[in-house]
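Novice: Quick mapping for you: the protein sequence lines, in order, are chains A and B.
For the first sequence, the numbering used here begins at 2 and goes up steadily by one.
For the second sequence, the numbering used here begins at 2 and goes up steadily by one.
The set of hints was computed from the structure by calculation and includes no laboratory data.
Please note: incorrect hints may appear among the correct ones.
[Unchecked claim] In the DSSO-like style, the derived pairs of lysine-lysine whose C-alpha atoms are separated by at most 27 Å in a straight line are: (1) K163/B to K113/B; (2) K36/A to K108/A; (3) K79/B to K85/A; (4) K108/A to K85/A; (5) K79/B to K36/A; (6) K22/B to K144/B; (7) K144/B to K3/B; (8) K36/A to K22/B; (9) K212/B to K174/B.
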Amino acid sequence: MTLYLNFLKPITDKMESQTENNRVYMENLNENLKKQLIEALNLEDITPADIDDNMPLFGETGLGLDSIDALEIILILERNYGIKVEKPKEGKEIFYSISTIADYIRKNTK
Amino acid sequence: MKTAVPVYINMAASVDAASLKELNLASVIRNPNALRRMCRLVRMGVAAGMMCLEDMGEDGPDAIITATSLGGLEDTGKFLAEITERNECGLNPTPFMRSVFNTVGSQIALLKGIKVYNMTYVHRGLSFESALFDAVLQIAEGKRTVLAGAFDEITPEAHILKQRAGLFRHGEKEGEGAGFFLIGNRPAGNRSACLSGLDVRRGPLDENQKKEFAADFLSGFGLDLSCVSVFNGDRVKKTCGEYGTASARVLHEAFASVHACSSEYLLVCNSFRNMSHSLILLKKADAGL
Numbered sequence: 002m003t004l005y006l007n008f009l010k011p012i013t014d015k016m017e018s019q020t021e022n023n024r025v026y027m028e029n030l031n032e033n034l035k036k037q038l039i040e041a042l043n044l045e046d047i048t049p050a051d052i053d054d055n056m057p058l059f060g061e062t063g064l065g066l067d068s069i070d071a072l073e074i075i076l077i078l079e080r081n082y083g084i085k086v087e088k089p090k091e092g093k094e095i096f097y098s099i100s101t102i103a104d105y106i107r108k109n110t111k
Numbered sequence: 002m003k004t005a006v007p008v009y010i011n012m013a014a015s016v017d018a019a020s021l022k023e024l025n026l027a028s029v030i031r032n033p034n035a036l037r038r039m040c041r042l043v044r045m046g047v048a049a050g051m052m053c054l055e056d057m058g059e060d061g062p063d064a065i066i067t068a069t070s071l072g073g074l075e076d077t078g079k080f081l082a083e084i085t086e087r088n089e090c091g092l093n094p095t096p097f098m099r100s101v102f103n104t105v106g107s108q109i110a111l112l113k114g115i116k117v118y119n120m121t122y123v124h125r126g127l128s129f130e131s132a133l134f135d136a137v138l139q140i141a142e143g144k145r146t147v148l149a150g151a152f153d154e155i156t157p158e159a160h161i162l163k164q165r166a167g168l169f170r171h172g173e174k175e176g177e178g179a180g181f182f183l184i185g186n187r188p189a190g191n192r193s194a195c196l197s198g199l200d201v202r203r204g205p206l207d208e209n210q211k212k213e214f215a216a217d218f219l220s221g222f223g224l225d226l227s228c229v230s231v232f233n234g235d236r237v238k239k240t241c242g243e244y245g246t247a248s249a250r251v252l253h254e255a256f257a258s259v260h261a262c263s264s265e266y267l268l269v270c271n272s273f274r275n276m277s278h279s280l281i282l283l284k285k286a287d288a289g290l
């Protein structure tokens, strides 16, 4: 039995390390999302600090993103989090702010 | 081709990589969302086009005609790389939108909010001349103002391919940039120049054949080489480099110097790698028709 556990130890260590990495990644989810948004949408002169978690991403009162940017955000979710937005009608609520996107990711990450 | 009706170049603007860095782009391209999506080539092209239209205020031209020899190489490369990397799934739309040849013409139309004749020519070393031909025909058909211009860019991948093809063996300097012109059916101000005619030839020409081409072209206007000042495009290409639409940059420099010429006419000669040749005849606009 001890021999068996020793044999599995490198695998369980790796799994624990991955779980820890995922935990840290999800804890910094909002910050990571902001960085990914800035890079993918080429938001020049904007830093993560300029984007409030609850600031509207679309429309004139917020960051001023548009429908082409929504397509880019869909790709960010697919490529980085493996999440597909199945119902486009939900997009308006999901993409309202960084916080709403992060909530959606947390709810849909397996 | 001798222009059937009077055609005038009323405004010209060029943007290259160096001047692009110095430009306050936000004041020329006033849509921040559109601006941040534009790659370097599109920024050069749209900025040059919009600078030509500055004096028109809210109005736009009656036609937009653009030209490029190779198009948006950087974004085409990005898009093609994504196709293979992502197995044709979940492709990013922005590089595709920016990679198409007519992206500069369409962006200018969107920024001006106009729906007019909008055409793009992609004819290797004679792309810009093809756009200019079309602009002259549009004026002949009754349009009052036409925006015509050209753009091309250097990318590291294209540089390697050109190097392998041996294009730099004879000391050719690689170039890039955008040049646009506002063309009209009447002069606008004292900087205008009359575009009297243009002609093109394909295939290699030796020096004698080039002189014959120029003499034939000028004879159509009742002129010979002794009556005109000659503007050699190779002079400009020493600074701006060689690229498929460098003739737009050459014409810009010629346009800027036409009123300083000793002759009434300025013959602009351009040759792209001795494979395609063009002659453009400019006349001082205030010298009568």
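Novice: For each hint, tell me whether it holds in the structure or not.
Specialist: Structure-based check of all given hints:
1. K163/B to K113/B: violated, 36 Å
2. K36/A to K108/A: Within the cut-off at roughly 21 Å; holds.
3. K79/B to K85/A: It holds: about 23 Å lies between the C-alpha atoms, which stays within 27 Å.
4. K108/A to K85/A: Distance of about 12 Å is within 27 Å: holds.
5. K79/B to K36/A: This hinted pair holds, its Cα atoms lying about 21 Å apart.
6. K22/B to K144/B: Violated: K22/B and K144/B sit about 35 Å apart, past 27 Å.
7. K144/B to K3/B: Since the Cα atoms of K144/B and K3/B sit roughly 18 Å apart, the hinted pair holds (cutoff 27 Å).
8. K36/A to K22/B: Holds: K36/A and K22/B sit about 25 Å apart, inside 27 Å.
9. K212/B to K174/B: Answer holds: K212/B to K174/B is near 25 Å, not above 27 Å.
Comparing the model with each numbered hint stated earlier shows that hints 1 and 6 do not hold.
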